[in-house]
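K.L.:
As a plain string of letters, each chain reads:
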Amino acid sequence: MIVAQRKPVEEIKRVLGGYEKVLIVGCGTCVAVCMAGGEREVGILASLLKMSFRMEGKEVEIGEATVERQCDKEFMQPLEEKIKNYQAIVSLACGVGIQFLSELYEDTIVLPGVNTVFLGSNEGEGVWQERCRACGECVLAETGGICPVTICAKGLLNGPCGGTNEGKCEVDKEKDCAWTLIYKRLEKQGKLDHIRKIFPPKNYRVHTKPARLVHELYQQQKGET
Amino acid sequence: MACSFKEAVDSGKFVVTAEIGPPKGTAIEEMVHHIDLLKDKVDGLNVTDNQSSVMRLNSLSVCHLIKERGGEPILQMTCRDRNRLALQSDLLSANILGIRNLLCLTGDYITVGDHVEAKPVFDLDSVQLLQAVQLLTQGKDLAGNELHGAAQFYVGAIVTPEARPLEPQLLKFEKKVKAGASFFQTQAIYDLEKFKGFMNYARQFKVKMLAGIVLLVSAGMARYMNANVPGIFVPENLIEDMTSAPKGKALTKGIEIAGRMIRQLKEEAICDGVHIMAIGKEGVVPDILAAAGLA
Numbered sequence: 277m278i279v280a281q282r283k284p285v286e287e288i289k290r291v292l293g294g295y296e297k298v299l300i301v302g303c304g305t306c307v308a309v310c311m312a313g314g315e316r317e318v319g320i321l322a323s324l325l326k327m328s329f330r331m332e333g334k335e336v337e338i339g340e341a342t343v344e345r346q347c348d349k350e351f352m353q354p355l356e357e358k359i360k361n362y363q364a365i366v367s368l369a370c371g372v373g374i375q376f377l378s379e380l381y382e383d384t385i386v387l388p389g390v391n392t393v394f395l396g397s398n399e400g401e402g403v404w405q406e407r408c409r410a411c412g413e414c415v416l417a418e419t420g421g422i423c424p425v426t427i428c429a430k431g432l433l434n435g436p437c438g439g440t441n442e443g444k445c446e447v448d449k450e451k452d453c454a455w456t457l458i459y460k461r462l463e464k465q466g467k468l469d470h471i472r473k474i475f476p477p478k479n480y481r482v483h484t485k486p487a488r489l490v491h492e493l494y495q496q497q498k499g500e501t
Numbered sequence: 073m074a075c076s077f078k079e080a081v082d083s084g085k086f087v088v089t090a091e092i093g094p095p096k097g098t099a100i101e102e103m104v105h106h107i108d109l110l111k112d113k114v115d116g117l118n119v120t121d122n123q124s125s126v127m128r129l130n131s132l133s134v135c136h137l138i139k140e141r142g143g144e145p146i147l148q149m150t151c152r153d154r155n156r157l158a159l160q161s162d163l164l165s166a167n168i169l170g171i172r173n174l175l176c177l178t179g180d181y182i183t184v185g186d187h188v189e190a191k192p193v194f195d196l197d198s199v200q201l202l203q204a205v206q207l208l209t210q211g212k213d214l215a216g217n218e219l220h221g222a223a224q225f226y227v228g229a230i231v232t233p234e235a236r237p238l239e240p241q242l243l244k245f246e247k248k249v250k251a252g253a254s255f256f257q258t259q260a261i262y263d264l265e266k267f268k269g270f271m272n273y274a275r276q277f278k279v280k281m282l283a284g285i286v287l288l289v290s291a292g293m294a295r296y297m298n299a300n301v302p303g304i305f306v307p308e309n310l311i312e313d314m315t316s317a318p319k320g321k322a323l324t325k326g327i328e329i330a331g332r333m334i335r336q337l338k339e340e341a342i343c344d345g346v347h348i349m350a351i352g353k354e355g356v357v358p359d360i361l362a363a364a365g366l367a
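Protein chains in written order, with the numbering used here: chain D, 277 to 501; chain L, 73 to 367.
Fair warning: there could be bad hints in the mix.
[Unchecked claim] Computed footprint of chain D on chain L, listed as stretches where at least three residues anywhere in the stretch have a Cβ under 8 Å from a Cβ of chain D:
#1 84-97
#2 237-251
#3 304-314
[Stated by the list, open to error] Within a straight-line C-alpha distance of at most 25 Å, the following computed DSS-like cross-link-like pairs (lysine-lysine) qualify:
#4 L:278 - D:473
#5 D:473 - L:280
#6 L:250 - D:473
#7 D:478 - L:113
#8 D:444 - L:266
#9 L:191 - D:283
#10 D:460 - L:266
#11 L:266 - L:338
#12 L:212 - D:473
#13 L:338 - L:268
#14 L:78 - L:280
#15 L:113 - L:78
#16 D:467 - L:250
#17 L:268 - D:478
#18 L:191 - D:451
#19 L:338 - D:449
#20 L:250 - D:460
#21 L:113 - L:85
#22 D:349 - D:334
#23 L:280 - L:85
#24 D:360 - D:289
#25 D:451 - D:485
#26 L:113 - L:280
#27 L:278 - L:85
#28 L:113 - D:485
#29 L:191 - D:444
#30 D:478 - L:212
#31 D:283 - D:297
Derived from the structure by calculation, the hints contain no laboratory data. Every residue, glycine too, gets a C-beta built ideally from N, C-alpha and C.
For reference, chain L alone in the conformation it holds in the complex:
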């Protein structure tokens, strides 16, 4: 990477991050391949933290691996699996490994994952985690103790622009801004007109907004998300586009749709960048970038 994620965001360019999902197990070849493929094409690689409450390799070690391979990692931290001691300790550890970008999330509930009998922690919520990070950067911990060396982080959080109802979500978004989030990554968006409405509201805050782009791979996936994933609404015309794709070409259509959306977000300067989630299809992220005119 020529510059850090923060420098890229601060430069005012349209930033692009991609998601890396650590594997369940120690076979990391495929993930390493994706890291090497993407590290010089995006401004940051965002590593999930036991995504969907499924036990996997942890985000911190994969971020370190990305760093070692010359990439720019963004560490995801959820509140589900660690109490405030473990969270702060992991944050300090990340810091000494040179990991400076952080995305703070509450985390999915335990029972959506694969260890449904585990104890849910949620000692802190995402707002309190952001506050803890702020303190660590000021040389203090959550209990008010002085640190022997402060941490440095560029910290972000998430927001769901199409949550229903939206108002309680915005109340939390504003708390996250107050608690020190500098950048935001959104839940997947598909309706850019609606997203413009959200951005009209969000622009009053001095934060950078990265729109979440989830690659559609089939019409079935779009319908599944509409029915099952809170805050994701794929409009009917996009589902029709996916349905009308010739047999075996649905992925190509999904890449085209993602590329078109990113291009419009950039050309109309709707937001500050995108976060691409090509869940399980990280290999096609360069194609999405090409379709968006960003390659």
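This is chain D alone, in the form it adopts within the complex:
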């Protein structure tokens, strides 16, 4: 899922300077799971902002709404009417949702309430770990299901650097060395041959921004590939 982290209240307040009617919009998917922008977090942020503005003697109306998915038009309908009553929106969705919202409601100011940080997994209560860089050229079949592009700080494709030590990374002694993990897993699986070959440089062309994908079943219908 997409993992995000709520911005500090002070930063959100700074960009809200001057607006008297503000709607906070959460998203019920990834950011709800990582406790950054779901319905609960919308409520918490609304309370914090109300309290903070009141202490400064400012009259700011704070509204709350959460849609199931801010990255999909289908789910935006409930916002349509509500949004008209507000000058600004703080979106607690990931960067995708924030942009999507501002594109749909061009006449309203849409501001980010979170920093989107990575694609990751839930490793336990309150802990998330980056797992994928969305590089567009998956090598997991050959690297024992461990991604060197993501888990190795340098994204090395041909083995560990000289900074690896006792299975840890030179960047952070708490972090695992991806290539030690890969080597050990493939050794256990008897598949070390997979990484004896030299991997060529990555093809960043597949990663030219912004990427766009049309599912093959829809290509003809949309007239694009």
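Go by the hints and put chain L onto chain D.
P.N.:
This is chain L only, laid out in the frame that chain D set:
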């Protein structure tokens, strides 16, 4: 220099290279002094590339300076700061300046240095960089385009004989050999018995091995490296030697230890040469050579 670094290595003599660390800034007097002091005493001067991810004068211009002063430069190229266009372009540039020796490295990560917010590049890794060099020498670039004039390089790479665990490191070492590395420079070694074990393995490959010698300047430095530098293990007896040195004589003891190690590596023909890293103390490299019986 009487002959090139490659000729020296090919001659079968025990080769010696020393490291030159470019300064942070334009005041190069001290570095030039070290270059002049060492250029006729060693077979190559190996110039670091933004060492430890600290922004400095670049390796290419210092190599050119060494060349101009009659020395034999070895250009270090890391993958941290340049993408494949910049790397290949710098390699061609080095070539037309007469710089023919190259050491390819991945490079430390950005955050260990002094520009911790910079974008880490690592477009290629060290193995792929070696492949790129091989292509340039064959008159092609990484994209398969023909070059108008091929490059010439004698190319090397690094290996850490005491990496823990060692096996993944050796897998990469073998890829570097396959990708065209002719010589290797090791991470600092101190335990020669262990190093002999590594050489027993490495001898099966037709590459030249230069043992890394880092000058010890204090017992504290040895302990610091043991605790903080991956792949460096200074044995306790050497730390005791350093501790027992009379006040103000630790450097002399470090020179003696380095000299003794080099002498043994040469006399027992354990490897093909040494690369001396006298980090910040380049002025004493001639003393190390004298202590090793190489002066």
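K.L.:
Which numbered conditions among the earlier hints are violated in the structure presented, ordered from lowest to highest?
P.N.:
1, 3, 7, 17, 19, 22, 25 and 28
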